[in-house]
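The listed protein sequences correspond, in order, to chains A and B. In terms of numbering that gives the first Met the number 0, the first sequence has 114 at position 115, counting the first letter as 1, and numbering is strictly consecutive. In terms of numbering that gives the first Met the number 0, the second sequence has 267 at position 268, counting the first letter as 1, and numbering is strictly consecutive.
Hint data in this document are derived by calculation from the structure and do not stem from the laboratory. Each hint should be verified, as a subset may be incorrect.
Said to hold, decoys possible - Sample of chain B residues at the chain A side, in silico, Cβ under 8 Å: (1) 64; (2) 68; (3) 138.
Said to hold, decoys possible - Pulled from the structure, derived: some chain A residues nowhere near chain B, Cβ distances all over 10 Å: (4) 2; (5) 3; (6) 55; (7) 67; (8) 68; (9) 96; (10) 121; (11) 122.
Said to hold, decoys possible - If you want a taste of the chain A side facing chain B, the calculated C-beta under 10 Å gives, among others: (12) 25; (13) 38; (14) 61; (15) 74.
Note that the coordinates shown come from a computational prediction; the quantities given were computed from them, not determined experimentally. We put the CB at the ideal spot given by N, CA and C, even for glycine.
Spelled out from the first residue to the last, the chains are:
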Amino acid sequence: MSDDPGNEGYDEWLDALADGEGYALVSPEGYGSLPPRRVCPETGSTDLSREPLPDSGTIETYSTIHVASPEFGGETPYVTAIADFGVVRLTGLCRGIEDPEVGTRVTADVEAVGEERSVVFRPG
Amino acid sequence: MSSVRIAGVGHTHFGQHPERTGRDLFAEASVEAFNDSGVDRDDVEALLYGNFMGELAENQGHQGPLMAEAAGIRAPATRFESACASSGAAVRHAVRDIRNGEADVLLVGGAERMTNLGTAGVTEALASAADDLYEIRMGINFPGAYALMAQAYFSEYGGGKEELAAIAVKNHANAVENDLAQFQREITPEDVLEAPPVAEPLGLYDACPVTDGASAMVLVSEAYAETNGIDAPVAITGTGQGGDRMALADRTYLARTPAATRAAEEAYADAGIGAEDVDVAEVHDCFTIAEVLAIESLGFFEPGEGISAAAEGETTSDGAIPVNLSGGLKAKGHPVGATGASQVIELAKLFRGEHVNSDLVEDARIGVAHNAGGTVASATVHVVEVVT
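Just chain A, same shape as in the assembly (with noise of 0.2 Å):
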């Protein structure tokens, strides 16, 4: 929609996710976080600085998902998981990864799934 303001912070790192340049805030004490987010929700830190995320993660926990709220109909059935990525996890859809297991190295991108972005996980 052309008029939707969008998120400011989280469009921001959308994109730079799917430039191949994703990055967590992270705190002095070395928690990460996402955007938008200005104080560090594990230690109160407003210094948070900028750090690349590494080029892959790896799947912590897995679900193929069969009945869905409306705007993932079109998907199912649809494989989702949390990887771990250093500082930070990532949740997102699973891309060419039917079986997935823990400890599977994935990359993260980004992939329009109707009207919204999704992260998307493919083989890393």
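Fit chain B to the known structure of chain A by using the hints.
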């Protein structure tokens, strides 16, 4: 610290009532609670009311005063929204207000109208308890999030779908005689294991149903009960609440619920008891895996041991710690905003000898109610005891 007495309880049938408004459901529960209590409506100082998806299901925000009106009270009213822990949060604040001397008589409860939304609509509404930007847009919904937790649990501790099936079988068996329950029928492990998948490894029978319903309690101070001759032998003696990061991916643990652990520790300390003193529990089994995580957080089992508790008979009605004698969310139903207060009501009825399963736990004196929001980013625990 003085206890908070449960003077009266009211509870609609939990089930499919798509044509009934939230206000009508809550009115029914509140009328029953007042009739049960002997308390004059004019003595009520506030309504604390839980509801989650009123805007989506009924295009109705600002439900506090609407529900006070429905209940026939003129006291101020506030809606509590904490996803599936909405009325657990309302109960907690009511307990604290009475103990602090801020109030002597409060109406507390909740209601949810859900089935009118249909499966897709209610799936979307429930998903809003997750992080919109980082979970919902990645296709995560309510069953999907719990499926991620279940798979993480299996990977870390072992166990599988067979152990989860025993939980569903147990809770259905407990609800057979409960006329307020959505499902009054037994199921077999095969029914669970052969059911269509919803979000693997969870199937249709691992999930609680979509439910319409309401619950209400009249809570009073000890002093009010004594002065007004109110017979209220059951009390809420401990309250606790815990929180966690909103998105599952941001949590330290994918297969534990520390928000509920913190809530339990606070509630037990508040009541002066330990987990070993608890005779019976009503826990938030929105999915079978959720009961596992709950009974571990409540301290009944170590992490990794709760998965086999139902299969081994430890949490069945004749077990060491019966869990969800009402049928739980799984079989009694889960009208989201009504559930937290409903759990406390079940314990009160159990101790008053009015519960369908009271005879199974005649010596029980201490119960806990565990209510969870989202993937347990919110949790409340209440200790309910027979005090006279």
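Hints, verified against the model:
no., hint, result
1, 64, "31 Å, violated"
2, 68, "33 Å, violated"
3, 138, "5 Å, holds"
4, 2, "19 Å, holds"
5, 3, "13 Å, holds"
6, 55, "16 Å, holds"
7, 67, "7 Å, violated"
8, 68, "4 Å, violated"
9, 96, "14 Å, holds"
10, 121, "14 Å, holds"
11, 122, "18 Å, holds"
12, 25, "14 Å, violated"
13, 38, "13 Å, violated"
14, 61, "6 Å, holds"
15, 74, "7 Å, holds"
Hint compliance for this structure: hints 1, 2, 7, 8, 12, 13 are broken, all remaining hints hold.
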